[in-house]
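Dock the two chains into a complex; use the hints.
Here are the chains, one letter per residue:
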Amino acid sequence: MFIDSIISPQLRLLDSFSTTAPYTMSKPILPSRTLLSSLSQNLRASKPSIKPQFFSAKCQQLSTRANSRMVEPARCLREANAARIGGRNWGAAQKRGYKTVQEQRSRYRSGPFSALAGLLFLSSGAALIFYFRYEKSRMERKRISEAAKGVGRPKVGGPFTLLDQDAKPFSDEQMKGRYSLVYFGFSHCPDICPEELDKMAVMIDLVNASPVMSNLSSENPEAKKILPLFITCDPARDTPAVLKEYLSEFHKDIIGLTGTWEQIKDICKKYRVYFSTPENVKKGQDYLVDHSIYFYLMDPEGDFVEAIGRQHSPEVAAQVILGHVGDWKR
Amino acid sequence: MGFFSSSPTGPPAPKISTDGAPIAPDRSQRAMCWEARDAYFACLDKNNIVDSIGEKDKAGKACSAEGKGFEANCASSWVTYFKKRRVMEYQRNKTLEKLKAEGAQEMPGQIGPPGPGQRP
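In order, the protein sequences belong to chains A and B. For the first sequence, numbering that gives the first Met the number 0 gives the first residue as 0, with consecutive numbering after it. For the second sequence, numbering that gives the first Met the number 0 gives the first residue as 0, with consecutive numbering after it.
Only chain B is shown next, with the shape it has when bound in the complex (with noise of 0.2 Å):
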């Protein structure tokens, strides 16, 4: 946890490649990013708070410490993308859900993209 509260601003800055652009995330920094977004996923899950960017308040009151590593693993586009993309995830379920109540039959094949750290 000493890391992530380390620098809470966002991920170390990305080395400079030999043309001068940043370079992208390794595999070890998107290892520790997507780590780092289970663990404030499931704090989330715990106090059943879907939307973080909605509920900011309840989610940084609860999850402050979580939030924080996230924030510190993944450049600031990912996080919102990440966090956009459970509340979509959220409502998909919910609507396969209301779906298969209703008596709606499953296809094969996979639906949208698979949930984080799902591997397809």
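Okay, chain A solo, but in the shape it has when bound (with noise of 0.2 Å):
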């Protein structure tokens, strides 16, 4: 041990190849210089430290029985190193075949890489990179999803139960499963509603009419229709009747809601729509509600997904609609 610690190895080398060779190798060998560096930087490399258990069973016997005297262990301590030093190196490349010492020295130039090993880094370099890639679109993807769902964004709608055009109750859940366009009004509007409601009308069957509804991955056939909903804000004027031929006028799927003012009232607060009709009118009372003008497009499990405007044409309304629909469940 003692002894080992102050041998460097580049001594230690020397003394296997000249002295202690002999001893381990059937033939002298007489090492070439720059072999020598080669494998002396090799074994440098290699952490050189000689624990006892590398020391064979018979010279640690040695050691033991011949404690006294000191050259015994010295002797024994070369033996070892010539043993782990041919065995690793000549060993080695006698095993794997190499023909001359150019070969092993070009060998131990360019260390451990290969062919196959840079390969193999390539391939699962690009394999990482193609997977971090995949997950990276996946994962925002995921966020735009859930972003519209109502973190961060305006919630609006919410659960109803109102009257439609044929006085049977209507609620929320008939929204379900299929995308809605919600819009507010009143039947007496004097210029501002029949223009949406046509534009409406246009919109309804531009979108119907597009592939992308078509396409659309449901059993059920109503769910590749858009549902089209008009809510008054003018409940004591808009009842059932009134809306069903009001509403005929402009296109047979729009399904007309009301209910008491109460009801209005609570639909519109969580529409955000803002609407100012007197609570208590005088029947044939003749007066003008003011009110909020969007068309709330709702995605089949009855989110918000976007207010359309009076600025849009109906094509581009459509347009907007259809690209929503496009990137349901997908």
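None of these hints come from the bench; they were simulated from the model. Keep in mind that a hint or two might mislead.
As the list claims (entries may be wrong) - Derived pair list, reagent style DSBU-like, types lysine-lysine, alpha-carbon separation capped at 30 Å:
(1) Lys-268(A) - Lys-167(A)
(2) Lys-83(B) - Lys-264(A)
(3) Lys-14(B) - Lys-167(A)
(4) Lys-243(A) - Lys-99(B)
(5) Lys-224(A) - Lys-268(A)
Pasting the structure below:
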């Protein structure tokens, strides 16, 4: 142990070749300077430290038995060194079948790299890059769809139960499973609502005629058509019969919804719609209702997607709707 | 014109729906109202009247026939609404012109509702 720690690798190497080689090798070899240096580099790189377990059992026996004689452990150490070096370098080289010293030198110069290792490195690198890119884009899509669920966006919409134009109850549950377009207005509207409803009719036809809708993977044929809803802001005058008469002029698909003043106030609040219907109006009184004019696009889960304003032409609005429909479940 | 002057107090009473509420003006009734409105406003334009509520006497003298036709074909709330909107649009256009004269840049998109008869 003590001797080993003070012998430098080079010294030990020279030792093993000049003095102990004849003990281990069958014929003496005079190594070239370059081979020596390459071997010594290798040795240095591989942490030269000899621990007791590297000695052969015979040597250990010797050293313990002849402890008083200093020569014996030293010789034994040399033997062990030579055996190690010879076994590692020469033995390995012979097994791998190096024919020339040059071949072996080039093997050491290139280190552990080979064409196969390079190929493995590049292919695993490429696979990793591909995998990370795929994961990144998947997470990005997930983030967008999560954002539409109401995180960081206004939560528009909610449960309601109103009456349709046939005086049958209609609730938000019937909106589930298909895209719907919600519009708030009133039938005695002077000019904006009729214009918007005419636009809505064009939008409905454009959207329903699109292959994006017919390609939706749903068993329900109704889901392949958009559900247009007209919710009145003027429940006092817009009874189911009035809505039926009024909406039949625009599009057969539009469902008109009405209810009590409180119900309408509640749904307008849920959709963030401003409206100003006088609460107590006398029968036959003539008045107007101020209200927000937006089309609300709601997804098949009843979540708000986008508000479409008056600035869009029906064609552009239909494009906007179809863009969202095309993103669904993708 | 004979139709307009026949009932100067308002449009014919609305039909009552099956559940007792008056039915809103239908497409043809709306078109008639808008037509009468455009005729009235054309007359006001000719006489340089913007605010037909503020300048009631002047408007009444200059465009009495058109005014009657307007009122005959539109509900009174609609008449007031259109008259107020005319003033609002006039002021809006004036502001826009002023801004343009000051070198403001126009942005794409429409500001406010379109003018009467104008299709978006």
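Against the structure, the hints:
no., hint, in the structure
1, Lys-268(A) - Lys-167(A), "23 Å, holds"
2, Lys-83(B) - Lys-264(A), "27 Å, holds"
3, Lys-14(B) - Lys-167(A), "23 Å, holds"
4, Lys-243(A) - Lys-99(B), "46 Å, violated"
5, Lys-224(A) - Lys-268(A), "27 Å, holds"
Violated hint: 4 only; the structure is consistent with all others.
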